[in-house]
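Undergrad: Just so you know, the sequences run in chain order A and B. Residues in the first sequence are numbered from 39 upward in steps of one, following my numbering. Residues in the second sequence are numbered from 138 upward in steps of one, following my numbering.
Don't read these hints as lab results, they were simulated from the structure. Computed from a predicted structure; not experimentally measured. Quick reminder that beta carbons are idealized off the backbone N, C-alpha and C, glycines included. A hint or two may mislead.
What the hints assert, rightly or not - Pairwise CB distance ranges, derived in the manner of DEER restraints:
#: 1; chain 1: A; residue 1: Ile220; chain 2: B; residue 2: Val450; range: 29 to 37 Å
#: 2; chain 1: B; residue 1: Asp682; chain 2: A; residue 2: Ser216; range: 56 to 64 Å
#: 3; chain 1: B; residue 1: Asn200; chain 2: A; residue 2: Ile220; range: 49 to 57 Å
#: 4; chain 1: B; residue 1: Ile159; chain 2: A; residue 2: Ile187; range: 52 to 60 Å
Unchecked claim - Taking beta-carbon pairs under 10 Å as the criterion, some of the chain A residues facing chain B (in silico):
#: 5; residue: Leu71
#: 6; residue: Arg263
#: 7; residue: Ser275
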Amino acid sequence: MRAPTEGIWAAAWRRLRRDKVGMAALAVVLLFLLMVGLASAGLIASDWQQERGVSYAPPTFMGPAERDEANGLPVPKGPNVDLGDIDPLAPQYKAWAERAATYEHAEAEKATTLPFGADLQGRDVLAKAVQGAKVSVLVGVLAAVVATIIGTVLGALAGFFGGKVGDLLEWVYNVFTSIPGILLIFAFAAVAGRGTQSVVLILGFAGWTGIYRLVRAEFLKHSVREYVRAAEAIGASTTSRMFRHILPNISHVLLVQLSVHVVGFIKAEVILSYLGLGVAVDEVSWGTMLAEAQTELIQGYWWQLAAATLFMAVFVTAFSLFTDALRDALDPKLRGLE
Amino acid sequence: MLLSIQDLHVAFRVGKEQGTVIRTEAVGRGEVGVSLDVPENTTVALVGESGSGKSVTAMSVLNLLPDNAERRGRIAFQGRDLLQASLSELQALRGRDIACVFQDPMSSLNPVFTVGRQVSEPLRKHLGLSARQALARAEALLEEVGLPEPKRRLSNHPHELSGGQQQRVMIAMALACEPKLLIADEPTTALDVTIQRQILELLARLKEKHRMSMLFISHDLGVVGEIADEVVVMRHGTVRERGPVARIFCDPQDAYTRALLACRPSLQQGARLMAIDDLPSAKAVTPLPKDPAAPVVLQVEGLTKSFWLRHGVFGRREFKAVKGASFTLRRGHTIGVVGESGSGKTTMGLALLRLHEPHSGPEGGRVTFDGHDLLTLSPRDMLPMRRRIQVVFQNPYASLNPRFAIGRTLVEPMAIHHIGASDAEREDRARALLQRVGLDDSAMNKYPHEFSGGQRQRVAIARCLTLNPDVLVLDEAVSALDVSVQAQVLNLLKDLQDELGLAYVFISHDLAVVRFMADEVMVMKDGDVVEQAPVSQVLHHPQQDYTRRLLAAIPRGYVPQ
Chain A
39 MRAPTEGIWA AAWRRLRRDK VGMAALAVVL LFLLMVGLAS AGLIASDWQQ ERGVSYAPPT
99 FMGPAERDEA NGLPVPKGPN VDLGDIDPLA PQYKAWAERA ATYEHAEAEK ATTLPFGADL
159 QGRDVLAKAV QGAKVSVLVG VLAAVVATII GTVLGALAGF FGGKVGDLLE WVYNVFTSIP
219 GILLIFAFAA VAGRGTQSVV LILGFAGWTG IYRLVRAEFL KHSVREYVRA AEAIGASTTS
279 RMFRHILPNI SHVLLVQLSV HVVGFIKAEV ILSYLGLGVA VDEVSWGTML AEAQTELIQG
339 YWWQLAAATL FMAVFVTAFS LFTDALRDAL DPKLRGLE
Chain B
138 MLLSIQDLHV AFRVGKEQGT VIRTEAVGRG EVGVSLDVPE NTTVALVGES GSGKSVTAMS
198 VLNLLPDNAE RRGRIAFQGR DLLQASLSEL QALRGRDIAC VFQDPMSSLN PVFTVGRQVS
258 EPLRKHLGLS ARQALARAEA LLEEVGLPEP KRRLSNHPHE LSGGQQQRVM IAMALACEPK
318 LLIADEPTTA LDVTIQRQIL ELLARLKEKH RMSMLFISHD LGVVGEIADE VVVMRHGTVR
378 ERGPVARIFC DPQDAYTRAL LACRPSLQQG ARLMAIDDLP SAKAVTPLPK DPAAPVVLQV
438 EGLTKSFWLR HGVFGRREFK AVKGASFTLR RGHTIGVVGE SGSGKTTMGL ALLRLHEPHS
498 GPEGGRVTFD GHDLLTLSPR DMLPMRRRIQ VVFQNPYASL NPRFAIGRTL VEPMAIHHIG
558 ASDAEREDRA RALLQRVGLD DSAMNKYPHE FSGGQRQRVA IARCLTLNPD VLVLDEAVSA
618 LDVSVQAQVL NLLKDLQDEL GLAYVFISHD LAVVRFMADE VMVMKDGDVV EQAPVSQVLH
678 HPQQDYTRRL LAAIPRGYVP Q
């Protein structure tokens with residue numbers, strides 16, 4: 039008879055489970071996260087740096103590339119010309135050949151095709167894309183989370199308290215936005231150095247301003263609403279009013295911003311890596327793959343570009359659809375429209 | 138017959154489910170449609186509560202409905218069927234033969250255009266006047282609707298006018314082309330009573346002068362009784378009763394009309410309101426006599442509240458919103474605070490609870506509650522006081538957190554103040570209180586938007602009761618509710634007061650409601666307390682001019698000549 043009152047998240051999960059698109063998107067996002075987890079643990083694609091195939095081996099379905107010899111110089115017929123009488127090293131050749139035969143020499147057989155092709159060094163593009171997901175997803179999601187947290191906390195403080203606190207934060211915001219974004223990123227990058235962690239922090243610290251502005255406006259609007267006054271009247275603390283009462287009511291703004299920023303930061307990592315400020319040279323990300331792809335494309339080797347784009351497109355789309363579904367699930371008003 | 142609506146049905150497409158379009162019926166139910174006639178030179182009033190379909194009926198005449206509306210039936214205006222009319226034909230009619238005045242003048246006028254430009258627009262469009270002629274005509278119109286200094290007003294923007302003046306501008310626009318029919322959709326609902334009186338008199342005068350007809354939409358029977366010649370009572374999208382105003386008021390045939398007339402608190406009526414759908418047993422309760430020597434719970438002396446207004450770049454100027462209010466409130470008693478908008482009554486109520494932002498401006502005076510001055514307590518010492526003095530806000534749609542289920546809304550205050558040992562105990566208490574205010578258990582897991590306004594206000598009252606308060610500040614707590622729901626909530630508040638000995642600070646713009654609730658009345662104007670006396674004295678022997686004006690402005694309903 040008595041149903042315990044369910045919390046916001048329990049109710050949201052119940053609503054989300056009924057959203058087919060949302061659940062499919064969640065499954066894709068979880069698959070990506072699983073892939074990232076496995077790659078980080080070294081269980082898959084750990085050998086991405088091995089030369090698995092010949093240089094620019096095409097994807098399997100295209101079949102092996104025609105040999106270069108076929109359309110190179112014609113091979114001369116007949117035996118080689120004997121230069122023994124003028125070659126001063128000629129007497130040594132026989133002894134060297136015998137000595138060489140005593141060494142064991144195993145050249146791995148290089149595949150002529152790979153599932154998704156190979157790059158210049160003959161590395162498997164699929165393994166690269168999987169390994170690249172580790173860096174890109176981590177950078178995109180973590181940097182967006184960092185930016186959202188900074189933007190939300192500062193925006194909430196500025197919007198809720200106003201006055202001196204608000205003025206100070208507005209001043210900080212103005213300073214940050216007065217510097218062109220790319221310069222700001224360079225400045226942070228110069229201090230932080232290279233590496234995945236640095237990229238996360240750089241993008242997070244440089245990218246919170248837009249979220250701050252929106253959250254501040256929402257808090258300004260909501261903090262004078264009657265339900266917040268009512269919460270104050272029952273004695274709810276300031277923190278409780280800010281983060282338990284108002285925050286759920288503006289979660290739609292945060293979720294949309296989060297998903298927009300994930301996409302933006304994955305792209306920003308591309309630029310940083312391209313400029314040599316991003317991930318270390320011995321790491322791979324979707325960004326470095328795209329940077330390599332531009333020279334390859336001219337030569338007709340399109341598969342590295344395709345792999346990076348495909349992975350990025352699937353992840354970004356699934357992530358956006360999932361945050362959309364989550365936003366709907368968090369809004370109790372939309373329940374009637376199911 | 139000027140306008141004849143026959144068997145009108147209006148439905149809104151709200152979505153699609155498995156290939157079939159879902160519609161909600163706004164006007165007409167099943168096979169029963171809405172029919173009404175507006176003869177020449179007559180005011181027909183459309184009365185009903187929210188959701189009765191009265192506005193949709195009126196807006197479908199000129200097809201001012203959203204795109205997802207589907208209309209069928211017949212709307213004949215001077216013999217032409219408007220349902221079949223093309224958009225260009227309708228546009229030629231709009232503002233020319235049929236004009237509209239809407240509820241909220243603030244949002245019906247375009248804020249970026251001057252008054253002159255807006256009033257002259259229909260003149261240039263429909264009558265083909267030149268800009269100069271149109272402005273001269275606009276000035277004459279503004280003069281006719283009683284706007285002071287019409288020439289200067291032409292170059293004003295809407296925000297420079299008061300609400301009543303804005304509504305006059307709207308009426309001037311509507312009259313610009315001397316329409317044959319004026320559709321007035323709750324034209325006075327957003328206005329103060331004294332302004333409402335002026336606008337009603339203006340409309341009646343203009344209708345006589347221009348010999349036009351008026352379709353007057355209102356929820357307020359008091360207003361309707363004064364202005365209408367014929368009344369159509371609507372409920373749930375159908376017409377319940379129609380007839381001449383005298384018959385509707387003196388000899389109502391329909392049970393709903395009778396209930397609607399009975400549930401409105403008037404200045405004469407007894408101690409309990411009849412409510413539509415009220416429980417029969419509830420009517421038998423007799424009010425307990427008030428004990429004049431009951432202990433004092435709240436003592437307010439010279440309460441003032443100011444706001445800082447920005448002045449120049451760095452300067453600020455003090456605006457005194459409340460200029461000294463004093464009263465003594467005893468257990469089980471009610472003090473009514475009456476005033477028009479801007480009188481400072483809500484500011485005073487919130488100042489009692491210290492719900493204003495600390496840097497908004499200084500407060501002064503003393504609010505003594507249980508031996509403490511609430512205005513000087515630190516936030517930590519204020520917390521236990523918060524439990525005992527609670528507030529119910531005007532707008533039940535805004536005062537509940539839309540993301541909290543009702544159960545959570547009710548449990549939270551108890552958890553903050555450590556009432557009840559466990560969450561299970563608190564939930565039991567919340568259920569008991571929901572039943573007390575007339576809602577059932579299933580409400581616990583629902584969200585505010587699933588309830589009607591009256592039900593939400595009950596939840597808000599239950600939230601206050603979770604804390605066992607001594608004093609309840611009711612800030613226009615029933616103003617946003619339909620009359621029948623208003624009656625239920627007022628009865629509930631009275632019962633709770635008798636049962637729990639609550640003391641109320643009852644803030645309202647509506648003198649009739651205050652008379653019903655209060656023992657003592659405080660009349661406020663521009664931050665000053667104009668008059669303060671027991672309720673019968675204020676009503677029957679008002680000392681001040683302003684109080685007399687306020688009393689005279691209350692719509693009287695139908696008075697047989």
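Undergrad: Work down the list of hints and note, for each, if the structure agrees.
TA: Evaluated hints:
Between Ile220 of chain A and Val450 of chain B, the C-beta spacing of about 35 Å keeps the proposed range 29 to 37 Å intact. In this structure the hint that Asp682 of chain B and Ser216 of chain A lie 56 to 64 Å apart at CB holds, the actual value being about 59 Å. Remark: the range hint 49 to 57 Å for Asn200 of chain B to Ile220 of chain A is upheld by a beta-carbon distance near 53 Å. Separation of Ile159 of chain B from Ile187 of chain A is about 41 Å and departs from the stated range, judged on CB atoms against 52 to 60 Å.
Checking Leu71 of chain A against chain B by beta carbon gives a least distance of about 27 Å; that is not within 10 Å, so the hint is violated. Taking 10 Å as the C-beta cut-off, the interface hint given for Arg263 of chain A holds, the closest approach to chain B being about 6 Å. Checking Ser275 of chain A against chain B: minimum C-beta separation of about 8 Å stays under 10 Å; hint holds.
Going through the hint list in order, the structure does not satisfy hints 4, 5.
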